[in-house]
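Student: Taken in sequence, the protein lines are chains A and B. With full-length UniProt numbering applied, the first sequence corresponds to residues 1 to 274, in that order. With full-length UniProt numbering applied, the second sequence corresponds to residues 1 to 366, in that order.
Hints are computed from structural coordinates only; laboratory data are not their basis. These figures come from a predicted structure and were not determined experimentally. C-beta atoms are modelled at their ideal positions from N, C-alpha and C, and glycine is treated no differently. Check each hint, because a few of them may be wrong.
Stated by the list, open to error - The calculated lysine-lysine pairs, modelled on DSS-like cross-linking and capped at a C-alpha distance of 27 Å, are:
{"no.": "1", "chain 1": "A", "residue 1": "Lys174", "chain 2": "B", "residue 2": "Lys35"}
{"no.": "2", "chain 1": "A", "residue 1": "Lys153", "chain 2": "B", "residue 2": "Lys265"}
{"no.": "3", "chain 1": "B", "residue 1": "Lys265", "chain 2": "A", "residue 2": "Lys143"}
{"no.": "4", "chain 1": "B", "residue 1": "Lys72", "chain 2": "A", "residue 2": "Lys138"}
{"no.": "5", "chain 1": "B", "residue 1": "Lys274", "chain 2": "A", "residue 2": "Lys30"}
{"no.": "6", "chain 1": "A", "residue 1": "Lys92", "chain 2": "B", "residue 2": "Lys268"}
{"no.": "7", "chain 1": "A", "residue 1": "Lys153", "chain 2": "B", "residue 2": "Lys258"}
{"no.": "8", "chain 1": "A", "residue 1": "Lys207", "chain 2": "B", "residue 2": "Lys274"}
{"no.": "9", "chain 1": "A", "residue 1": "Lys152", "chain 2": "B", "residue 2": "Lys265"}
{"no.": "10", "chain 1": "A", "residue 1": "Lys153", "chain 2": "B", "residue 2": "Lys268"}
{"no.": "11", "chain 1": "B", "residue 1": "Lys268", "chain 2": "A", "residue 2": "Lys30"}
{"no.": "12", "chain 1": "A", "residue 1": "Lys174", "chain 2": "B", "residue 2": "Lys274"}
{"no.": "13", "chain 1": "B", "residue 1": "Lys258", "chain 2": "A", "residue 2": "Lys174"}
{"no.": "14", "chain 1": "A", "residue 1": "Lys153", "chain 2": "B", "residue 2": "Lys274"}
{"no.": "15", "chain 1": "B", "residue 1": "Lys265", "chain 2": "A", "residue 2": "Lys130"}
{"no.": "16", "chain 1": "A", "residue 1": "Lys266", "chain 2": "A", "residue 2": "Lys237"}
{"no.": "17", "chain 1": "A", "residue 1": "Lys92", "chain 2": "B", "residue 2": "Lys274"}
{"no.": "18", "chain 1": "A", "residue 1": "Lys52", "chain 2": "A", "residue 2": "Lys30"}
{"no.": "19", "chain 1": "B", "residue 1": "Lys265", "chain 2": "A", "residue 2": "Lys52"}
{"no.": "20", "chain 1": "A", "residue 1": "Lys130", "chain 2": "B", "residue 2": "Lys274"}
{"no.": "21", "chain 1": "B", "residue 1": "Lys265", "chain 2": "A", "residue 2": "Lys174"}
{"no.": "22", "chain 1": "A", "residue 1": "Lys152", "chain 2": "B", "residue 2": "Lys258"}
{"no.": "23", "chain 1": "A", "residue 1": "Lys92", "chain 2": "B", "residue 2": "Lys265"}
{"no.": "24", "chain 1": "B", "residue 1": "Lys265", "chain 2": "A", "residue 2": "Lys30"}
{"no.": "25", "chain 1": "B", "residue 1": "Lys268", "chain 2": "A", "residue 2": "Lys130"}
{"no.": "26", "chain 1": "A", "residue 1": "Lys138", "chain 2": "B", "residue 2": "Lys274"}
{"no.": "27", "chain 1": "A", "residue 1": "Lys237", "chain 2": "A", "residue 2": "Lys21"}
{"no.": "28", "chain 1": "B", "residue 1": "Lys268", "chain 2": "A", "residue 2": "Lys174"}
{"no.": "29", "chain 1": "A", "residue 1": "Lys52", "chain 2": "B", "residue 2": "Lys268"}
{"no.": "30", "chain 1": "B", "residue 1": "Lys144", "chain 2": "A", "residue 2": "Lys138"}
{"no.": "31", "chain 1": "A", "residue 1": "Lys92", "chain 2": "B", "residue 2": "Lys258"}
{"no.": "32", "chain 1": "B", "residue 1": "Lys265", "chain 2": "A", "residue 2": "Lys28"}
{"no.": "33", "chain 1": "B", "residue 1": "Lys268", "chain 2": "A", "residue 2": "Lys143"}
As the list claims (entries may be wrong) - Sample of chain A residues lacking proximity to chain B, with all beta carbon distances greater than 10 Å (derived):
{"no.": "34", "residue": "Ala74"}
{"no.": "35", "residue": "Ser104"}
{"no.": "36", "residue": "Val124"}
{"no.": "37", "residue": "Ser155"}
{"no.": "38", "residue": "Leu187"}
{"no.": "39", "residue": "Glu219"}
{"no.": "40", "residue": "Lys253"}
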Amino acid sequence: MNTTQQANEVYSENGIVYPSKVMLDLSKLKKVYPTPKGDYVVLEDLNLQILKEEFVTIIGHSGCGKTTMLSMIAGLNPISGGNISVLGNPVKGPGPDRGVIFQSPSLMPWMTALQNVLLGVNQVFPHATKGQRQDIAKYYLHKVGLENAFHKKASELSQGMQQRVGIARAFAIKPKVLLLDEPFGMLDSLTRGELQDILIEIWNKEKITAVMITHDVDEAIFLADRVIMMTSGPKAKIGDILSIDFERPRTRKSVLENDDYYTYRKHLIDFLEH
Amino acid sequence: MEQEMVLKNENSLSSSLKQMLLKLTPSIKKDGIIKSLKNTGITLLSILLFIGLWQMGSKALYNKEANYRVEKALQEQGEAAAVAERACIESGDSSCQPNTLPSPSQVWASLQSLIADHQVIRADKAAFAEKMAVTNEKMISQGKDPIVYTGRASFVDIVLTSIKTVFAGFLLAMFIAVPIGIVIGLSPSLRSAFNWFIQIFKPVSPVVWYLLVFMIVKTLYIGDSSDNAFVISFISVGLCAMWATLVNTAMGVASVDKDYINVAKVLKLGTFQKVFKVILPSSLPLIFTGLRITLSVAWMVLIAIELLAQSQGLGLFVWEEFQNGANDSNSKIIVAMFVIGIIGFLLDRLMLAVQNMVSFNKNEMA
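Please construct the entire structure, taking both the sequences and the accompanying hints into account.
Tutor: Shown next, in the form of structure tokens:
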């Protein structure tokens, strides 16, 4: 496939050779919002490298600039300074190589679940036949457990089911990087658990580099290879990074039974309460 | 007294009906039925009250004018003339009837005479068509225009002309306002370029629009003897009524949920796809709200514009009846008033149904 081919190549830019393992590279990233009282610096000197096939979660206090960072990676928010590159190519704007799962499901309420997924699939695979595109969309809807709701209007689905469609839509366009902005923040804890399982199940198969913002420490540990802790703003940067060394595929039970889990948890909570 | 009797009957009837229905329906549905019965009852009661007040009002006005006439006869011509005047009024002779607000029964009679008149004219038309059938066929085969009926229009024809005018005006408004609304909604700079234009022309009165359209159409039709009253009136109606749609469309397009726009950006949808798959569907509810206002405004200004344009519709009918000053003119005007009101109400219901059909979020609709 296209993705794997590119993944094996080595990219170079301005004489710097990027190691092929790095998918997403943020260097000296800066974001400034001009205000009447002078510039407000949200992020400054933020450096982060995220590897291929890595799942990274980001935690930090509200308003520290996590979402700003994510939308800059998505290309929806202009960069004030520094660089973001995907496989060595600088990010210049939004594009389907970086799929986004938004905090609110953001489905088109007048379309059916299938049409919502197809909206992206049609765009990314313009040369596929109509049947092939339908199959792709249906496959991912099936994966998120919506095989009985293809033709339901998005407005008729519950919040949890809408976010399932959101997950299907993001995976179906086969992005290089998946950006998740607190996708389960608005759900009740039971639904949240279900959706975490679904997300990680699909991810185990597709291994798309994922960057996810969360407020939930348990979620951060359960899903991630690395948990990135951001300092509080203004001038937020990376405060600490914690590697989670549980084997994959993980189950909730095995994670909870592992003694390291509580060490990790304490580490994160100490950081947040600091 | 009669009024009270009617009210009492109505009450006892509805309560016995209620009892009967209650026995027939399962208990779950009871509340709903009682509620709808109650609502219908209240509506009926208020209609009766309205008719009662109207009856009383017209009676008072009638008496006032009758007394004045008698008084005037007494002062100017003496006792005998006053007695004669009173006798004349009481006899119901049309030459000396007070000309004032007609009573409900007079209006009802006028409605029936208008319908009877329509039947007569329709029969006339049919007879004419039959008589001319052979001649017209010949004329058509010779490439000439057939001879058409040019007699008086019946009340139903008049109503149909008005409805035709309003729909033509509505369609014109839609075809002008929706595309322009979309374009200025998409572009903030065009929006500010158009803003002064909208702000200035929106409050212009129907009469002035009519005059403007008249100036232009008159010149365009110069040397053409055909009747352009219909064209002038529907264009004026359209121009008067289009502003609500224009403003609503622009607002709907400009205020599409930012999340949807972000999705479109992430998927890199082209401009065409973005407009037709995301922006337009999401602004449809607001566009239709605008169209609904446009239709009701169109119907409202239609009467004034038809009157000015001498277009054969309800507006002209009302005006001609007023100028006519015949004995039943006033009650015909009131008939027209009710017809205008009822058609306006039906048009609004129609648009509401369409609006509900296109709205994707049923919860947001009242």
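Student: None of the hints should be skipped; say for each whether it holds.
Tutor: Now the hints, each set against the structure:
1. A:Lys174 / B:Lys35: 56 Å, violated
2. A:Lys153 / B:Lys265: 22 Å, holds
3. B:Lys265 / A:Lys143: 25 Å, holds
4. B:Lys72 / A:Lys138: The given pair, whose Cα atoms are some 90 Å apart, is violated under the 27 Å limit.
5. B:Lys274 / A:Lys30: It is violated: about 31 Å lies between the C-alpha atoms, which goes past 27 Å.
6. A:Lys92 / B:Lys268: Holds, because 13 Å separates the two Cα atoms, which is no more than 27 Å.
7. A:Lys153 / B:Lys258: Between lysine 153 (chain A) and lysine 258 (chain B) the Cα gap is close to 20 Å, so the pair holds against 27 Å.
8. A:Lys207 / B:Lys274: 30 Å, violated
9. A:Lys152 / B:Lys265: With a Cα-Cα distance of about 25 Å, the restraint between lysine 152 (chain A) and lysine 265 (chain B) holds, given a limit of 27 Å.
10. A:Lys153 / B:Lys268: With a Cα-Cα distance of about 23 Å, the restraint between lysine 153 (chain A) and lysine 268 (chain B) holds, given a limit of 27 Å.
11. B:Lys268 / A:Lys30: With a Cα-Cα distance of about 25 Å, the restraint between lysine 268 (chain B) and lysine 30 (chain A) holds, given a limit of 27 Å.
12. A:Lys174 / B:Lys274: 21 Å, holds
13. B:Lys258 / A:Lys174: 24 Å, holds
14. A:Lys153 / B:Lys274: 19 Å, holds
15. B:Lys265 / A:Lys130: The hint holds at about 23 Å.
16. A:Lys266 / A:Lys237: 21 Å, holds
17. A:Lys92 / B:Lys274: 20 Å, holds
18. A:Lys52 / A:Lys30: Status holds; Cα separation ~24 Å.
19. B:Lys265 / A:Lys52: Judged against 27 Å, a Cα distance of about 24 Å means the pair holds.
20. A:Lys130 / B:Lys274: Judged against 27 Å, a Cα distance of about 20 Å means the pair holds.
21. B:Lys265 / A:Lys174: Since the Cα atoms of lysine 265 (chain B) and lysine 174 (chain A) sit roughly 16 Å apart, the hinted pair holds (cutoff 27 Å).
22. A:Lys152 / B:Lys258: At roughly 23 Å apart (the allowed maximum being 27 Å), lysine 258 (chain B) and lysine 152 (chain A) satisfy the hint.
23. A:Lys92 / B:Lys265: 12 Å, holds
24. B:Lys265 / A:Lys30: 22 Å, holds
25. B:Lys268 / A:Lys130: 19 Å, holds
26. A:Lys138 / B:Lys274: 23 Å, holds
27. A:Lys237 / A:Lys21: OK: lysine 237 (chain A) and lysine 21 (chain A) at ~23 Å, within 27 Å.
28. B:Lys268 / A:Lys174: 14 Å, holds
29. A:Lys52 / B:Lys268: Status holds; Cα separation ~24 Å.
30. B:Lys144 / A:Lys138: Cα-Cα ~64 Å, so violated.
31. A:Lys92 / B:Lys258: 20 Å, holds
32. B:Lys265 / A:Lys28: 25 Å, holds
33. B:Lys268 / A:Lys143: 25 Å, holds
34. Ala74: Given a closest Cβ separation of 6 Å, the condition is violated.
35. Ser104: 6 Å, violated
36. Val124: 8 Å, violated
37. Ser155: Label violated. Min Cβ-Cβ 5 Å, cutoff 10 Å.
38. Leu187: 17 Å, holds
39. Glu219: 22 Å, holds
40. Lys253: At about 35 Å from chain B, lysine 253 (chain A) clears the 10 Å cut-off, so the statement holds.
Violation of the numbered hints given earlier is confined to hints 1, 4, 5, 8, 30, 34, 35, 36 and 37; the remaining hints are satisfied by the structure.
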